[in-house]
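Those protein sequences? They're chains X and S, same order as listed. The letter at position 34 of the first sequence is residue 34 when you use the working numbering, and the numbering goes up by one with no holes. All you need for the working numbering is the position in the second sequence, starting with 1, plus 83.
Hint data in this document are derived by calculation from the structure and do not stem from the laboratory. Watch out, some of these pointers could steer you wrong.
[As the list claims (entries may be wrong)] BS3-like mimics (lysine-lysine), calculated; alpha carbons at most 25 Å apart, straight line:
id	chain 1	residue 1	chain 2	residue 2
1	S	Lys231	S	Lys146
2	S	Lys212	S	Lys225
3	S	Lys225	S	Lys206
4	X	Lys4	S	Lys206
5	X	Lys31	S	Lys146
6	S	Lys225	X	Lys12
7	S	Lys104	S	Lys89
8	S	Lys146	X	Lys12
9	S	Lys206	S	Lys153
10	X	Lys12	S	Lys212
11	X	Lys4	S	Lys146
12	X	Lys12	S	Lys220
13	S	Lys206	X	Lys12
14	S	Lys153	S	Lys220
15	S	Lys212	S	Lys146
16	X	Lys31	S	Lys206
17	S	Lys206	S	Lys231
[To be verified] To be clear about the criterion: a stretch of chain S counts as covered by chain X if any three or more of its residues have a C-beta under 8 Å from a C-beta of chain X, and this derived list gives those stretches:
id	segment
18	129-140
19	197-205
20	209-216
Note that CB positions come from ideal geometry on N, CA and C, so glycine has one too.
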Amino acid sequence: MMLKVVFFARLKEQIGTDQISIELTQQTTVKEIKQALIALHPHWQTALSATNLLAAVNHDIVTEDAIVQQGDELAFFPPVTGG
Amino acid sequence: MNHLHKISIQSQDFSIGDEVKALEEHNLTDGAVVTFSGRVRNHNNGDDVQGLYIEHYPQMTEKSLTAIAKEAQQRWQINRVTIIHRIGQLAIGEQIVFVGVTSPHRVDAFQAAEFIMDFLKVKAPFWKKEMTANGNKWLDSKQSDVEKSNHWLNND
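Extracted from the complex, chain X is given alone in its bound form (with noise of 0.2 Å):
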């Protein structure tokens, strides 16, 4: 299944990049999507292991164990900073 990766703000300056599409083979969860994108592009290892980054799934505020699926949009992004 095809799945939609986008970054913001510093997260996205750190990965270089605002998007990727990645395969995946079966459901999986946002924590392993994070791991299958370490193991894939290693160099963002530090980027993606901050402790405070946050993840939405179909622009709705997810935790690690959510599940996604095919055709889901999934972001990352720091701490948010509007108002």
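On the provided structure of chain X, position chain S as indicated by the hints.
For chain S alone, kept in the frame of chain X given last:
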């Protein structure tokens, strides 16, 4: 019940007068109109600030702000809510954000407006990058903002 909300994420400036006019128009049930506006300061953490760049997650910003407006309408006796948040490059002194609330009663209007700002600051996907003489840097979120928003959970 007259629950209306206007949510706008935009790069262009807004007029507080125009927004208040829209909140009051054909709205004779609500005597109280409370507004908040936030602007770019020229200082932060001891640095001289020269400007601000605001990034956002399109679609999620709308969804997030709409949810916050609706929660405020549920918790307090308020009717109209307007939330405007600007994006892109802003100079010092420029307006960033506007929250407007109407209610028959001032207590509900004040509390709802404060709640909306407190939750916007910890939930809405915007990120500020500060331009200073020492370079540009992304702002860190503040623990004080998290604690402020948590107060509403305890019904303090």
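Hint check:
Our distance criterion of 25 Å between C-alpha atoms is met by lysine 231/S and lysine 146/S, whose separation comes to about 22 Å. The hinted pair formed by lysine 212/S and lysine 225/S meets the criterion: a straight-line CA distance of about 14 Å does not exceed 25 Å. This hinted pair checks out: lysine 225/S and lysine 206/S have alpha carbons roughly 12 Å apart, not beyond 25 Å. Between lysine 4/X and lysine 206/S the alpha-carbon distance is near 22 Å, which keeps this suggested pair within the 25 Å criterion.
A C-alpha spacing of about 24 Å is found between lysine 31/X and lysine 146/S, which places the hinted pair at or below 25 Å, so the restraint holds. Among the hinted pairs, lysine 225/S with lysine 12/X is consistent with the structure: their alpha-carbon atoms are about 20 Å apart, no more than 25 Å. Between lysine 104/S and lysine 89/S the alpha-carbon distance is near 13 Å, which keeps this suggested pair within the 25 Å criterion. For the given pair, lysine 146/S sits about 22 Å from lysine 12/X by alpha-carbon distance, which is consistent with the 25 Å threshold.
Among the hinted pairs, lysine 206/S with lysine 153/S is consistent with the structure: their alpha-carbon atoms are about 14 Å apart, no more than 25 Å. A threshold of 25 Å between alpha carbons decides the hint, and for lysine 12/X with lysine 212/S the separation of about 13 Å falls inside it, so the pair holds. Between the alpha carbons of lysine 4/X and lysine 146/S the distance comes to roughly 19 Å, so the proposed pair stays at or under 25 Å and holds. Under the criterion of a C-alpha separation no larger than 25 Å, the hint pairing lysine 12/X with lysine 220/S is consistent with the structure, at around 13 Å.
Between lysine 206/S and lysine 12/X, the direct Cα distance comes to roughly 19 Å. Compliance with the 25 Å bound is thereby established for this hinted pair. The hinted pair formed by lysine 153/S and lysine 220/S fails the criterion: a straight-line CA distance of about 33 Å is larger than 25 Å. For the hint linking lysine 212/S to lysine 146/S, the alpha-carbon distance of about 23 Å falls within 25 Å, and the restraint holds. Using a Cα cut-off of 25 Å, the hinted pair lysine 31/X and lysine 206/S holds, with the two alpha carbons roughly 21 Å apart.
Distance hint between lysine 206/S and lysine 231/S is fulfilled; the C-alpha atoms sit about 13 Å from each other, no more than 25 Å. Under a criterion of three residues with beta carbons nearer than 8 Å to beta carbons of chain X, the stated coverage of the segment 129-140 of chain S is upheld, 4 such residues being counted. For a cut-off of 8 Å, the count of residues in the segment 197-205 of chain S with a CB near a CB of chain X stands at 4, and the three-residue condition holds. Interface restraint, the segment 209-216 of chain S with chain X: holds (4 residues with C-beta to C-beta distance below 8 Å; minimum three).
Comparing the model with each numbered hint stated earlier shows that hint 14 is the single one that does not hold.
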